[in-house]
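A.B. asks: This is what each chain is made of:
Protein chains: 2
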Amino acid sequence: MSKQTKPGTHADEVKKKAFKKLVSLGKNVYTQIEAENYPEFEMPLRSSSNIYYDQKMRQYTVGKRKVKRSASNVRHLKPFLQTLYVASFAARDLLEPGRTSTLRDLYYSSESALAKMFKNQSESDNVITDVEAVIGMAREDFNIFPDARSTIYGDLTVSFQDKKTKGKREINLTFNPDGQTIGPTLVKSDFVKTSADKVICIESGGMFQRLIEEDADEQFNAILVHLAGQAPRGTRRLIRRINAELKLPVYAFVDGDPWGVHIYNVIASGSAAAAHLIGLTTPDAIWMGLTASDITKYELPTDQFTKGDTVRTVQLLRDPRYQKPYLQEELKKFLKLKQKSEQQSLTSKSLTFVVDEYLPDKFKEIAKLKREGKI
Amino acid sequence: MSKQTKPGTHADEVKKKAFKKLVSLGKNVYTQIEAENYPEFEMPLRSSSNIYYDQKMRQYTVGKRKVKRSASNVRHLKPFLQTLYVASFAARDLLEPGRTSTLRDLYYSSESALAKMFKNQSESDNVITDVEAVIGMAREDFNIFPDARSTIYGDLTVSFQDKKTKGKREINLTFNPDGQTIGPTLVKSDFVKTSADKVICIESGGMFQRLIEEDADEQFNAILVHLAGQAPRGTRRLIRRINAELKLPVYAFVDGDPWGVHIYNVIASGSAAAAHLIGLTTPDAIWMGLTASDITKYELPTDQFTKGDTVRTVQLLRDPRYQKPYLQEELKKFLKLKQKSEQQSLTSKSLTFVVDEYLPDKFKEIAKLKREGKI
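Just so you know, the sequences run in chain order R and F. Every letter in the first sequence is one number past the one before it in the working numbering, and letter 323, counting from 1, is 749. Every letter in the second sequence is one number past the one before it in the working numbering, and letter 43, counting from 1, is 469.
Don't read these hints as lab results, they were simulated from the structure. Mixed in with the good hints there might be a few duds.
In this list, chains with the same sequence are indistinguishable; a pair is considered to hold if it fits within one copy or across any two.
[Claimed, not checked] With a cut-off of at most 30 Å between alpha-carbon atoms, the simulated DSBU-like pairs for lysine-lysine come out as follows:
#: 1; residue 1: 590; residue 2: 762
#: 2; residue 1: 589; residue 2: 790
#: 3; residue 1: 790; residue 2: 800
#: 4; residue 1: 624; residue 2: 788
#: 5; residue 1: 589; residue 2: 619
#: 6; residue 1: 441; residue 2: 775
#: 7; residue 1: 542; residue 2: 490
#: 8; residue 1: 441; residue 2: 733
#: 9; residue 1: 545; residue 2: 723
#: 10; residue 1: 619; residue 2: 490
#: 11; residue 1: 545; residue 2: 762
#: 12; residue 1: 619; residue 2: 594
#: 13; residue 1: 592; residue 2: 723
#: 14; residue 1: 775; residue 2: 764
#: 15; residue 1: 545; residue 2: 764
#: 16; residue 1: 594; residue 2: 624
#: 17; residue 1: 589; residue 2: 794
#: 18; residue 1: 619; residue 2: 592
#: 19; residue 1: 788; residue 2: 590
#: 20; residue 1: 723; residue 2: 441
#: 21; residue 1: 762; residue 2: 482
#: 22; residue 1: 494; residue 2: 624
#: 23; residue 1: 441; residue 2: 764
#: 24; residue 1: 494; residue 2: 733
#: 25; residue 1: 619; residue 2: 590
#: 26; residue 1: 758; residue 2: 504
#: 27; residue 1: 673; residue 2: 775
#: 28; residue 1: 494; residue 2: 750
#: 29; residue 1: 624; residue 2: 796
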């Protein structure tokens with residue numbers, strides 16, 4: 427069941443679209459100046475009053491309220507200029523020559539400008555988010571990336587432009603048994619083919635290595651993704667693309683505590699901080715465990731819930747992203763149990779318990795929950 | 427100038443040696459019991475009174491004082507058993523079946539034992555270090571690894587056993603423009619060939635990506651290593667192996683502050699925590715910058731030294747690992763300047779300044795310092 431995606435380079439299309447939007451922002455400013463008006467532009471308001479959970483999109487999103495940045499308002503002048511600076515840097519210094527940059531690079535890049543453009547990096551980060559909101563595309567689309575720290579392993583062949591030969595290059599993601607870094611190249615690569623029929627996202631590096639070592643990719647026909655805690659946006663985008671383009675279901679295998687469940691839910695439903703963006707969420711992703719029921723069923727080693735764990739669990743119970751019956755049920759069980767377990771606690775049974783018993787059991791259980799309509 | 431290493435698999439040799447040492451530890455215990463003696467074993471004392479900087483080895487090392495663990499002493503009984511438990515787990519559950527594990531896995535693995543073997547992970551981590559000291563080999567040699575987070579990029583072809591085909595597989599480390607994860611496989615791989623004539627170790631992910639993007643590997647004939655802050659031990663071992671086996675000089679390109687210099691120095695001279703081990707240091711590694719002189723020469727954006735920065739710099743000045751003239755000189759300049767700069771601050775000149783001017787200048791300067799005997 428090898429799958430082929432349609433021709434056309436994902437990376438090229440994204441680049442063209444972002445470039446066009448950035449240039450159009452600049453052109454509008456020029457047009458307004460030529461018409462002897464104060465230039466202005468609009469973007470969605472990103473404050474919590476304008477962020478809501480969209481049941482149809484199944485993610486956090488921004489409402490209809492807009493903010494205007496106008497050169498006629500002296501209080502707007504600085505953010506107006508900062509936004510155009512970032513937009514121009516992204517179009518001219520990054521997208522056009524084909525360079526990428528980090529949030530930190532962008533901050534430093536402005537230090538050579540005549541006036542100091544940003545007070546500190548948190549100010550420049552915030553303006554980058556404004557540019558995202560103005561053009562409705564993520565910063566990765568205009569080549570601003572966080573540091574890579576997440577990895578992937580499994581039978582998926584991807585293709586991208588080779589740096590050295592400038593030709594197309596294909597790699598299969600089982601190439602290096604330590605996993606492949608999820609960096610800018612991989613996130614924007616084209617999917618060529620896969621024999622996998624699912625994606626398993628794994629919170630900890632130790633468990634990721636364990637699964638590679640036990641050939642879990644073959645046993646479960648799975649692509650394995652190491653999240654390294656809260657998944658970076660590039661990783662969430664790659665997971666979404668695999669789900670959308672290759673139609674593979676996505677499972678999140680995380681620590682058995684409210685923080686683990688939330689790592690799952692940011693993959694599924696997004697974060698408030700990225701509410702102004704689409705293309706990062708995988709609404710059909712399924713939380714696999716460790717569940718509270720797993721902890722008692724397998725008698726796993728546990729730690730006591732802290733006060734913070736309890737408060738967080740109560741918050742999640744009320745969160746619109748946590749309204750599926752099985753999530754509600756398990757969160758309540760956690761509150762009753764007042765115990766948590768890391769996913770690596772499965773090692774207490776044996777090094778191979780996770781592939782011999784835990785995962786096979788879970789896939790059966792999830793199939794049952796689906797039939798019962800609880801997932 | 428492609429280089430070939432001698433035949434024989436590095437990974438196999440290390441595995442055999444570690445396995446033999448672990449088994450011999452166990453055999454000695456049996457022999458003593460059969461002779462109706464209380465079993466005991468010895469290891470170097472690891473407290474600071476027995477750790478010194480060895481001028482000849484050019485690293486921290488342990489002195490001649492030993493500690494004995496004897497089953498005849500009731501206070502020794504628990505650590506005695508714990509050490510044998512870890513040694514047995516390493517030999518039988520890891521090396522023999524060819525599995526790897528993390529520090530955390532090892533801690534959990536003992537939870538199924540009849541009695542709870544370790545109070546917490548810091549206790550089991552400590553016993554793992556004891557086993558290192560007993561057999562004089564690093565935990566990576568008996569397949570206990572930390573999470574991978576460091577990456578490498580450059581023209582170096584390595585070979586390792588392919589998981590899927592069980593045959594030999596070669597990869598060139600320019601394969602993925604996002605860099606290759608430095609995990610267990612890569613650290614123990616065999617070096618097949620390289621056209622590089624140096625290694626540049628880079629502190630931040632942003633600068634690492636910048637250098638890949640600007641083809642610094644080709645321009646400077648270099649293998650690029652992303653340290654991700656303080657380099658993990660696997661990364662330090664890989665750097666040492668490239669230096670020792672391929673005879674490539676190693677440069678550390680880090681933030682311009684005492685913490686950056688120290689990242690360099692742990693690569694060069696090791697840490698007190700790993701004083702009982704050899705094979706992790708690269709004594710000839712050179713600190714490239716950012717130096718205090720770079721900060722003034724290039725008028726880089728800076729931050730004020732904090733009190734902690736000052737205290738740390740004064741400590742380093744007295745540290746036996748910091749006695750080279752150029753290190754002393756630059757540390758004193760930092761104290762006078764009371765300013766620090768991140769390596770990414772070079773971006774304030776332009777995105778390509780680092781490859782167009784900074785690195786070429788530095789290589790000339792280092793050559794000059796070497797001629798003057800300051801490095």
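A.B. asks: Each hint: holds or not?
C.D. replies: Hint check results:
no., hint, verdict
1, 590 / 762, "neither (57 Å within a copy, 45 Å between copies)"
2, 589 / 790, "between (44 Å within a copy, 28 Å between copies)"
3, 790 / 800, "within (14 Å within a copy, 67 Å between copies)"
4, 624 / 788, "within (14 Å within a copy, 49 Å between copies)"
5, 589 / 619, "both (22 Å within a copy, 20 Å between copies)"
6, 441 / 775, "between (49 Å within a copy, 25 Å between copies)"
7, 542 / 490, "neither (34 Å within a copy, 58 Å between copies)"
8, 441 / 733, "neither (46 Å within a copy, 45 Å between copies)"
9, 545 / 723, "between (53 Å within a copy, 24 Å between copies)"
10, 619 / 490, "neither (40 Å within a copy, 59 Å between copies)"
11, 545 / 762, "between (47 Å within a copy, 26 Å between copies)"
12, 619 / 594, "both (15 Å within a copy, 24 Å between copies)"
13, 592 / 723, "neither (54 Å within a copy, 37 Å between copies)"
14, 775 / 764, "within (22 Å within a copy, 54 Å between copies)"
15, 545 / 764, "between (44 Å within a copy, 20 Å between copies)"
16, 594 / 624, "both (26 Å within a copy, 29 Å between copies)"
17, 589 / 794, "neither (47 Å within a copy, 34 Å between copies)"
18, 619 / 592, "both (22 Å within a copy, 23 Å between copies)"
19, 788 / 590, "between (44 Å within a copy, 26 Å between copies)"
20, 723 / 441, "neither (49 Å within a copy, 37 Å between copies)"
21, 762 / 482, "neither (32 Å within a copy, 61 Å between copies)"
22, 494 / 624, "neither (44 Å within a copy, 53 Å between copies)"
23, 441 / 764, "neither (48 Å within a copy, 43 Å between copies)"
24, 494 / 733, "neither (42 Å within a copy, 43 Å between copies)"
25, 619 / 590, "both (23 Å within a copy, 18 Å between copies)"
26, 758 / 504, "neither (48 Å within a copy, 40 Å between copies)"
27, 673 / 775, "neither (34 Å within a copy, 45 Å between copies)"
28, 494 / 750, "neither (38 Å within a copy, 58 Å between copies)"
29, 624 / 796, "within (16 Å within a copy, 56 Å between copies)"
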